[in-house]
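Colleague: Chain by chain, the residues:
There are 2 protein chains.
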Amino acid sequence: MKETLYTIGEMAKLANVSIKALRYYDKIDLFKPAHVDSETNYRYYKDSQLSQLDLIKSLKYIGTPLEEVKKAQEMNPWDLLNFITEQEKLIQMKLDNLMKVQQNIETVKKRMERHLHTPSLGEVFLWEEEETTIIEMAASNIKPNDLTNASYSMLKKAVEPISGFLNTGYGAIFSYEPYIHIEDIVYSKIFAPVLNNQMLSMVPAGMKVETIHAGTYVCIVDAYHPEKYIHNYQKLMEFIETNQLTVISDVYEIFGAMHYSANNQEEFIIEVKVRVA
Amino acid sequence: MKETLYTIGEMAKLANVSIKALRYYDKIDLFKPAHVDSETNYRYYKDSQLSQLDLIKSLKYIGTPLEEVKKAQEMNPWDLLNFITEQEKLIQMKLDNLMKVQQNIETVKKRMERHLHTPSLGEVFLWEEEETTIIEMAASNIKPNDLTNASYSMLKKAVEPISGFLNTGYGAIFSYEPYIHIEDIVYSKIFAPVLNNQMLSMVPAGMKVETIHAGTYVCIVDAYHPEKYIHNYQKLMEFIETNQLTVISDVYEIFGAMHYSANNQEEFIIEVKVRVA
Chain A
0 MKETLYTIGE MAKLANVSIK ALRYYDKIDL FKPAHVDSET NYRYYKDSQL
50 SQLDLIKSLK YIGTPLEEVK KAQEMNPWDL LNFITEQEKL IQMKLDNLMK
100 VQQNIETVKK RMERHLHTPS LGEVFLWEEE ETTIIEMAAS NIKPNDLTNA
150 SYSMLKKAVE PISGFLNTGY GAIFSYEPYI HIEDIVYSKI FAPVLNNQML
200 SMVPAGMKVE TIHAGTYVCI VDAYHPEKYI HNYQKLMEFI ETNQLTVISD
250 VYEIFGAMHY SANNQEEFII EVKVRVA
Chain B
0 MKETLYTIGE MAKLANVSIK ALRYYDKIDL FKPAHVDSET NYRYYKDSQL
50 SQLDLIKSLK YIGTPLEEVK KAQEMNPWDL LNFITEQEKL IQMKLDNLMK
100 VQQNIETVKK RMERHLHTPS LGEVFLWEEE ETTIIEMAAS NIKPNDLTNA
150 SYSMLKKAVE PISGFLNTGY GAIFSYEPYI HIEDIVYSKI FAPVLNNQML
200 SMVPAGMKVE TIHAGTYVCI VDAYHPEKYI HNYQKLMEFI ETNQLTVISD
250 VYEIFGAMHY SANNQEEFII EVKVRVA
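Top to bottom, those sequences are chains A and B.
Numbering-wise, numbering that gives the first Met the number 0 puts 226 at position 227 of the first sequence, and it's gapless, one number per residue.
Numbering-wise, numbering that gives the first Met the number 0 puts 140 at position 141 of the second sequence, and it's gapless, one number per residue.
Isolated chain A (complex conformation):
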C-alpha cells in the first residue's frame, strides 16, 4: 500500500473522528502523528495509521476504557482475541445489571401504581395484596411518634445492594390490639421491602428476610398526623368488628413521602393494614 501523509484535518475526515479527538489521543499518547513539523508544529499522519484508529474505534464501541485500548494496541492477534473475550464478559455483566434494574423498575412501578390507586384518604377499604418480601429488624421500643428516617438507616444499607431503589414501602409492625392512645403502640419490628429475591443470603446479622403474605387486607391510608393516626386506627378496628372479620396478622404500617421536593418535605403518607381471613 502507498504511504501518503495527511494533515490532522484530512485524517479526521478520513477516519470520521473529530480533530479534537485526534489532538486528545496525541496528548494521552494513545495515537500520535507519524510526523510533527518542527517549525509549524503541524501534525502529519501516515495512511497506515488509519488501521490503528480502526482498533481504537472498535474498542471504544464495545466500551473499553482508553487506558485498556493502549494495552490492546501492543497485543498480537491471539492476545487481542482473548482481550476481546474479556471485554465481552464485562458487557455481559452490564447486561445482567441493566436487566436487574429493569426488573426492579417494573416492581417499583407496580407498587407506585398500587398506591396511586388506593381509595380516598381516611377511608377504610379492603384490598387484595400480592406477596412482598421484606427485610426486618427488631424495633427497640420505638413508638409511632419516635420513628425517624434515621431509624431505617441500617435497613436501607442492607437493602440498597439488593434493590437499588430506596423510595418505596418502608414500614413497621405492631400487634393488633384495641389501642386507645397513640403512645400505647410499640413497634415490634421495622422493615424495608426488597424488589427481588436475589442476594437475600447476604442480609447482615440482626436482620431477617420475611414475607408479608398475599391475601385480603383491611387498609386505611392517610397523610401522617399524630392526632389522626389513632383515629384512623380505630376506624380500622370498627370496620373489622362491624364486618365480623378475623384478623390473622400483625398490623403493618407503611409510609412514603408525598413529595421529594425540598419545600414540602414534611408530608408523609401512612398506610395501616392488617390481614383478615
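For the record, the hints were derived by calculation from the structure and aren't laboratory data.
Identical copies go unnamed one by one, so any copy, or any two together, can satisfy a pair.
Lysine to aspartate or glutamate pairs mimicking EDC-like chemistry, simulated, CA-CA at most 16 Å apart:
#1 Lys-108 - Asp-78
#2 Lys-109 - Glu-127
#3 Lys-234 - Asp-221
#4 Lys-31 - Glu-73
#5 Lys-156 - Glu-135
#6 Lys-109 - Glu-128
#7 Lys-109 - Glu-87
#8 Lys-70 - Glu-85
#9 Lys-188 - Asp-249
#10 Lys-88 - Glu-105
#11 Lys-45 - Glu-266
#12 Lys-12 - Glu-159
#13 Lys-31 - Glu-66
#14 Lys-109 - Asp-78
#15 Lys-109 - Glu-85
#16 Lys-142 - Glu-226
#17 Lys-56 - Asp-25
#18 Lys-108 - Glu-85
#19 Lys-234 - Glu-122
#20 Lys-31 - Glu-9
Please build the complex by placing chain B on the supplied structure of chain A, with the hints as guidance.
Modeller: Below, chain B alone, put in the same frame as chain A:
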C-alpha cells in the same frame, strides 16, 4: 416523625453516601442542607431530608442524570411514575444496544478465530466459508499497489453505524484471470463486511449490499509484499488447474493489520480467495 438535625458526617453515615457527594449535591443545588451555621459554615440536615436522598439514590441507580433528578424532585407521584416509565425506555435502549454489541463481538471473534486458524502463510488451502454480508462500492481503476487505507474511508463511514467494529475483513474484488504482473490486476469493487443485517437499508447512494456466498474457497494467506503478491496468486491458479477445479466467483482479496502498534504498523496480512464448484 421527629425532626433532628444531623451534621454532614452524620448525614453521610445515615444515608450511606460520602461527605464529598453531599457537598457536591449542595454545590449543584440538588440537595441542600436545611440549615447552614452562619458563623462556622457547617451544614445541618433535617431527618426528613433523608427521604429526598432516597429519591436521588434511586434515580441514580437507574442511571438518571442529576439534572433530570432535579426535575423529578418537584414532581407529584403521578408525574414521577410517568418519569420512571420514561427512564425505563432509556434502559431498554441501552439493553438493545448492548445486546447488539454483544452479537457483533461474537461475529468478530468468529472471524478472528477463523483467521488465526488458517494454515501456514504462502500455502494454498481449501476452506469452507460461511456467508458474509458486505457493502461494496465501485473501485475507480485502483490496482493492488494503489490501495490505501483512505480508499476505505467512505465504506467505513457507512459501516460504522451498522457494525461498530472497524478492524476486520476489508477487501477488494477483481475477476479471475491468468495475470502475469501485479500491474495487470484492476479491482472492480472494494468492500467492507458488516457484522449484522440490521439497518442495511440505510446504505448511502453509490454503495450496495452484497453477499460473499457460503461455499468452498481456494485460499492463500500471506504477509503483504508487492513481489510476493503475484507469486501467491499464481500458486492459487496452479492449485486450481492441477486439481481441475471450476472457479465460480470473482477473486476476493481481504486484508487485515497484523499489529495495531505504532511500531509495526506497516505489516498487513492479505488473503486471496476464489470460490470453486
